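Undergrad: The opening residue of the sequence shown carries number 10 in this note's numbering; numbering runs sequentially from there.
A few of these clues could be false.
[Stated by the list, open to error] With a Cα cut of at most 30 Å, we get these calculated BS3-like pairs of lysine-lysine:
hint	residue 1	residue 2
1	Lys192	Lys124
2	Lys192	Lys162
3	Lys162	Lys150
These are calculated hints, taken from the structure and not from any lab test.
None of the values given here were measured: they were computed from a predicted structure.
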Amino acid sequence: MLKGLILAVFAMLLPLAAAGCAAKSDGGAPAVCGGPGDPECAAGYFCDKPAGTCAEPAARGTCTEMKPMCTRDWRPVCGCDGNTYGNDCTRIAAGVSKDHDGECAPTNVDPDAGKPACGGPENLPCGEGEFCDMPAGTCGKFDEMGVCEAITKMCTMEWRPVCGCDGNTYGNDCNRRGAGVSKAADGECAPAQ
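Input sequences plus hints: build the corresponding full structure.
TA: If you want it as C-alpha cells, here you go:
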C-alpha cells in the first residue's frame with residue numbers, strides 16, 4: 010500500500026517537474042550554453058556568460074532573453090565588446106556578456122589607423138617624441154580623437170604649404186609634423202586680421 014502511494018505521488022509530481030524544466034529553458038532556449046557541445050540559444054536570446062570570463066571562449070553561460078525596453082538609470086557596466094552600457098538591461102538588450110561593473114577603461118588604439126589614439130574627451134596623451142595629430146580641419150575641437158604621430162626630424166625643402174592649427178604656414182606636411190602641430194587645411198594660412 011505504501012509503495013502504491015509513493016508511485017501515485019511520484020506520478021503526480023513528474024509532470025510538475027517537467028513543467029519546471031521547460032520554464033527554465035524559456036520556451037525552447039537551452040538553459041546552459043557556450044561550452045563545448047552545448048546547443049545554441051534560440052532567436053531573441055544570447056549566451057550571457059559570467060562576468061569576467063570574456064577571454065575564455067569555452068566559458069559556459071545561460072541563455073538570456075534580449076530585453077526590448079530598458080530604463081535610463083545610470084549604473085554603468087562594461088561589456089565584453091569593450092563598450093560601456095548605461096545599465097545591465099541595455100547590455101542585455103545588445104546581447105553582450107558583462108566583463109565587469111562600472112565603465113570600461115578607455116582604449117588607446119585607433120582601430121582604423123592601427124596607431125595609438127589620443128585627445129578626445131579623456132584627453133589621452135601620446136608618448137615621448139610624438140604629438141596628437143587631429144583630423145584635418147578639426148584642430149582638436151568637439152573632443153575629437155586623433156592619432157599619435159612621431160615628430161619628424163628631417164624633411165625635404167619642397168614647397169607644398171599647409172596651414173597648421175596654430176595659425177602658422179608650414180612649407181610642407183613634414184615640416185608641420187616636425188613642429189608637432191595638427192593640420193587646419195592644405196595651403197597657406199589666411200593672413201591674421
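Undergrad: Are the hints correct? Go through all of them and say.
TA: To see whether the hints hold, each was checked on the structure:
1. Simply put, Lys192 and Lys124 have alpha-carbon atoms about 18 Å apart, close enough for the 30 Å limit, and the pair holds.
2. The hinted pair formed by Lys192 and Lys162 meets the criterion: a straight-line CA distance of about 17 Å does not exceed 30 Å.
3. A C-alpha spacing of about 27 Å is found between Lys162 and Lys150, which places the hinted pair at or below 30 Å, so the restraint holds.
Violation of the numbered hints given earlier is absent; every hint is satisfied by the structure.
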